[in-house]
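Residue numbers (numbering that gives the first Met the number 0), protein chains in the order written: chain A, 0 to 435; chain B, 0 to 393.
Hints listed in this document are in silico derivations from the structure and should not be mistaken for laboratory results.
Here the structure is a predicted model, which means the values were calculated and not measured.
Every residue gets a Cβ at the ideal spot worked out from N, C-alpha and C, and that includes glycine.
Be careful, since some hints might not be right.
What the hints assert, rightly or not - The calculated SDA-like cross-link candidates involving lysine to any residue, where the alpha carbons are at most 25 Å apart (straight line), are:
| id | chain 1 | residue 1 | chain 2 | residue 2 |
| --- | --- | --- | --- | --- |
| 1 | B | Lys-259 | B | Asn-198 |
| 2 | A | Lys-88 | B | Ala-363 |
| 3 | A | Lys-88 | B | Gln-379 |
To be verified - Partner residues aside, some chain A positions facing chain B, computed with beta carbon under 8 Å:
| id | residue |
| --- | --- |
| 4 | Lys-172 |
| 5 | Asn-374 |
| 6 | Thr-391 |
The primary structure of each chain is shown beneath.
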Amino acid sequence: MTVITRPKAKPADAIKDASMAKQKAMMAAHYDRLSDAPETGQKVAATFVPGNLNELIMCFDMVNNLPEVNAIQNGLRRTSGSYVMEAEKLGHSEDVCTYVKSDIGMMARGNIGPNGRKLPNPDVLLLSYTGCFTFMKWFELLRREYGCETIMFQTPYMADGKITPDMIAYMVKQLKQDVIPKLEKVSGVKFDIDRLREYLKKSAVAEDDLVKVLQSAKHKPSPIDAYFGGIYYIGPIFGAFRGTDEAIDYYRFLREEVDQRIREGKGPVTPDGDMGKERYRLVVEGPPNYTNFRQFWKMFYDEGAVVVASSYTKVGGTYDFGFRHNPDKPLESLAEYCLNVYTNRNLPMRVDMLENYVNEYEADGLLINSIKSCNSFSAGQLLMMREVEKRTGKPAAFIETDLVDPRYFSAANVKNRLESYFQMIEQKRGGLRGAA
Amino acid sequence: MLDKPKPTTADIVKKCEDLFTDLSFAAAREWKEEKPGRIVVGFLPYYAPRELVHAAGGLPLGIFGGGDQLEVIHGDAYYQSYICRIPRSTIELGVTGRLDFVDGMMFPSICDVIRNLSGMWKIMFPTKGSRYIDLPHNFVDDLGGEFYRSELKETCDWLSGMTGRPITDDAIRASIAVFNENRRLIREIYQLRSDQPWNVPSSELYVLLRAGMVIPVEDHNRILREYLDSVREQTRPMKDNSRVVICGMFCEQPPLNLIKSIELSGCYIVDDDFILVTRWENSDVRLEGDPLANLASAYLHDSKSTPPKYEPDEAKKGLYLVDSVRKNRAEGVIFAMTSFCDPGLLERPILQSVLKKHGIPQIAFKYAENSGQMQPIREQAGTFADSIKLWSGA
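Isolated chain A, as found in the complex (with noise of 0.2 Å):
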């Protein structure tokens, strides 16, 4: 039976192990810069987490701002169902993505960020166009009201599984004639390559951790939560510290944190402190709820179930793999980084690596979190796992969210059918020791 309990008093304050409090401290202190940067002059890029090029905007020394993230950290602190409704009273139809509609409403009511002060307004929109149609729109929007230089970034589909010499050569194209001149404009600084190089060879010590940890949940048990432990763990590498030495300890700092909790057995930190037996062992496609984030991943550990791999935390780039920023290759390191961002990936691409995940990390099963808001990830999840599940003998199931709207989160369905899921894959366990 399903049970929902709704707490009546705050809850206890989330269990954090030293990383993740590492993580929060930096993620904090990058609101500050943010909301500093009128007084220390630096200027800010407006860009998005699946093709941040977050080392060229460094080498003209600005922040960047990204209000996908924005959107989360409002979700989390469960303001961004009142933002959402303010931008459909503007107009913005009910029908479309809720981290736009969570940003228009931020802006509309003042654009206070998540530390709780102003975010400055952005010098420049980087339209990093990777693997979203909702990007070019949010930015075409953004851009009336700011008024400042926007930046198209085209990156060409992998319609084909493949990425094509001229797929580099035009994305490079674009870098050198259209990005960096109009980013050297806005900043007032000239480009030095070799100062690109030395932020893409510090990505690549990171980027190795990173990896390092995420292939950490082949272990039995797993000591890390992929997906939402994951989304703790991408955070830096995806938002403003990918290049930099901060990124480097972060990362080398969750590694010896996961090594030590292989070597003493343990399993994934949740809220409630370290999970208990592992139960179920999990794929997830597709991003989280945030406006319920603690209480959807309760429903997960108080079973017992851990995610081992996820796509979500591959939606800022597909280090596992194998893909490095190449300080070689600066310019083509930055455009196959943006080719091979999970959404840019097609169909086949993404199921076959939702197979690979199940086998390799020898899941018990294909969970998707459909997401009303986002079409890139969404549209086509229903055969994917029905691919995933012919290929994989493995039950998967489906269930259905949002990202920053509330209004979209019913916690008794989403239990119900998690539920009914992890008996599934009992039956399926109890039927292979049967036949054998």
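Dock chain B against chain A, hints included.
Coordinates of chain B only, in the frame set by chain A:
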């Protein structure tokens, strides 16, 4: 020998309606069977380089969903409730065998749903070709133009792989010429409708365009000429309707009854974004020189604006709609967007603010290809038409 009697407008419209509502695509099947080696290549809205399919000796076949007559059973099993209708009915057409004679499909980069459908097609119909047409959002010749030319070249190679024959530059030029003629005729009909909307009802114009999606362009050119000849010879009563521009029907198709309902409510549609591929380029595509470069250049510099297309210049954003209102002496705009359409619904607030700035009245509603209840739309459009008549002069 007696001259063949000239077809009447009603004959032409009936023929076109029969063609576009035939979801077995009998005309295209017959065309393919007439000669061995012919290929049929489907394409989705809003734009595809049909000239290349024609140059390959193929028939470009517009796949514009299932409309309001197709019962979608299988297609719904592939999509969540919050995704639009056109991919469902397209899947339905595929899994029910209605597209079994189609050799390949082209999916333009209109939105994430259609983009992902290109990958679904690869998985679901592995023996059929599936080509994603990645359209440029950079409008500089040696950037977006060069990229798009390479996309067109790859499309030629993909088509050649189906026919076993290379596509020559001369063949592409000849195809551009025949599509130039097609676009000229359609522009002519649009101009005639703008001048005399009572003589060219939009419900007729729409079926004329849809018919062109399922038959050879040469046959369509003949039908368009016949329609122009016929409609010029007749005069229908002029009504005291309001002149409106329709925006939002660039992808998932409206039921024909929706267009009729808008007209019956007291509106003359004097411009629209129906089947944009039929007049995507504003003037003739050049025939001299590199034909692929010419197609790319026309896309970059001489094509329509529509929500799925990026506008690099903020000062120009949405002005195409204002220009259309002015050029066609329209009195208002009806935003008729498809439910769950990202490009349309994300763009709508921008376009609305541009129109507001220019003092142009507007209304908005949503539809789906299988919308059946027209009364609310008729009331809304009728009220809009009345309010224009009553208050616009004030």
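Results for each hint:
1. The straight-line distance between the Cα atoms of B:Lys-259 and B:Asn-198 is roughly 14 Å, inside the 25 Å bound, and the hint therefore holds.
2. At most 25 Å may separate the alpha-carbon atoms for a hinted pair to count; A:Lys-88 and B:Ala-363 meet this at roughly 15 Å.
3. Restraint check for A:Lys-88 and B:Gln-379: the C-alpha separation of about 20 Å stays at or below 25 Å, so the hint holds.
4. Interface restraint check: A:Lys-172 against chain B, minimum CB-CB distance 6 Å, threshold 8 Å, status holds.
5. With 8 Å as the threshold, the beta carbon of A:Asn-374 comes within range of chain B, its nearest partner Cβ sitting at about 4 Å, so the hint holds.
6. Checking A:Thr-391 against chain B by beta carbon gives a least distance of about 15 Å; that is not within 8 Å, so the hint is violated.
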